[in-house]
Amino acid sequence: MSKSLPEFKYMTFDVVGTLIDFEGGLKACLAEIAAEAGTEIDGEQALGLYRAARYSKDADLFPDDLVRVYLAIAPKLGLPAVQKYGERLRDSAKSWKGFADSAAALASLAKDYRLVAMTNARRWAFDFFEKELGNPFYAGFTADDTGTEKPDPAFFEKVFDYVASQGHSKDDILHVAQSQYHDIGISRKLGLTNCWIERRHAEKGYGGTIEPAEFTKPDYHFTSMAGLADAVAAARA
Numbered sequence: 001m002s003k004s005l006p007e008f009k010y011m012t013f014d015v016v017g018t019l020i021d022f023e024g025g026l027k028a029c030l031a032e033i034a035a036e037a038g039t040e041i042d043g044e045q046a047l048g049l050y051r052a053a054r055y056s057k058d059a060d061l062f063p064d065d066l067v068r069v070y071l072a073i074a075p076k077l078g079l080p081a082v083q084k085y086g087e088r089l090r091d092s093a094k095s096w097k098g099f100a101d102s103a104a105a106l107a108s109l110a111k112d113y114r115l116v117a118m119t120n121a122r123r124w125a126f127d128f129f130e131k132e133l134g135n136p137f138y139a140g141f142t143a144d145d146t147g148t149e150k151p152d153p154a155f156f157e158k159v160f161d162y163v164a165s166q167g168h169s170k171d172d173i174l175h176v177a178q179s180q181y182h183d184i185g186i187s188r189k190l191g192l193t194n195c196w197i198e199r200r201h202a203e204k205g206y207g208g209t210i211e212p213a214e215f216t217k218p219d220y221h222f223t224s225m226a227g228l229a230d231a232v233a234a235a236r237a
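Mapping to this note's numbering: the sequence shown position 9 is 9, numbers consecutive.
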């Protein structure tokens with residue numbers, strides 16, 4: 001049986017897609033470029049093309065890779081394949097918004113847990129994301145810090161080592177994420193208790209996130225961060 005929510009000391013978080021609405025940010029920027037070009041785009045089609053391009057073998061670190069991704073998908077969306085627009089898409093990450101419930105939920109959870117960010121984004125982008133979320137994290141690990149990206153177990157091992165240096169273990173961690181591929185599946189294999197935030201519960205498909213080879217049933221399951229925060233509050237009442 002899974003540990004009860006009050007028993008954990010740490011909550012580790014995927015950031016992009018779980019706390020930061022990257023799909024909304026991508027679609028908004030692409031729609032702006034389309035409007036300037038006198039056309040329109042289908043947001044879900046754009047996310048599908050993004051997903052296919054993002055997970056190619058020649059992908060760079062995120063969100064720097066958005067320049068390459070834009071140039072690859074622009075012709076398929078009827079957009080101008082121009083470097084400056086790719087750079088605009090990359091730089092749009094600086095102004096991506098958190099989901100409406102993210103900051104408040106994190107502020108509430110930070111009262112009872114040490115919150116640790118685990119993001120495949122580079123440090124420069126995480127700095128903007130963290131500020132957008134209200135600077136709630138006790139520690140943060142990025143692709144620059146770990147030298148790798150989830151679902152590589154080495155990313156998680158870096159965090160385990162950090163938690164061990166604080167006198168605790170992975171048994172004290174609840175890993176919270178929306179991506180089955182990057183987080184939920186691998187966290188199960190590594191023996192972590194996990195919590196799936198199903199951000200796309202009202203939408204079909206996996207959007208801009210790669211589809212997992214198989215679905216992993218999570219230990220905890222909510223459709224929002226508010227749901228997790230409310231469950232913690234109820235368990236501690």
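Errors might be hidden in some of the hints.
Quick list of simulated restraints, FRET-style, between CB atoms [as the list claims (entries may be wrong)]: (1) TYR55 x ASP230: 29 to 35 Å; (2) ASN135 x ALA28: 21 to 27 Å; (3) GLN45 x GLU214: 21 to 27 Å; (4) LYS189 x HIS168: 41 to 47 Å.
Hints are computed from structural coordinates only; laboratory data are not their basis. Heads up, the beta-carbon is just placed ideally off N, CA and C, and yes, glycines get one too.
We went through each hint and held it up to the structure:
1. Distance hint check: the CB atoms of TYR55 and ASP230 are about 34 Å apart, consistent with the given range 29 to 35 Å.
2. Against the hinted window of 21 to 27 Å, the Cβ-Cβ separation of ASN135 and ALA28 comes to about 24 Å, which satisfies the hint.
3. Separation of GLN45 from GLU214 is about 26 Å and conforms to the stated range, judged on CB atoms against 21 to 27 Å.
4. Separated by about 21 Å at the C-beta atoms, LYS189 and HIS168 break the suggested range of 41 to 47 Å.
Checked against the numbered hints given earlier, this structure breaks only hint 4.
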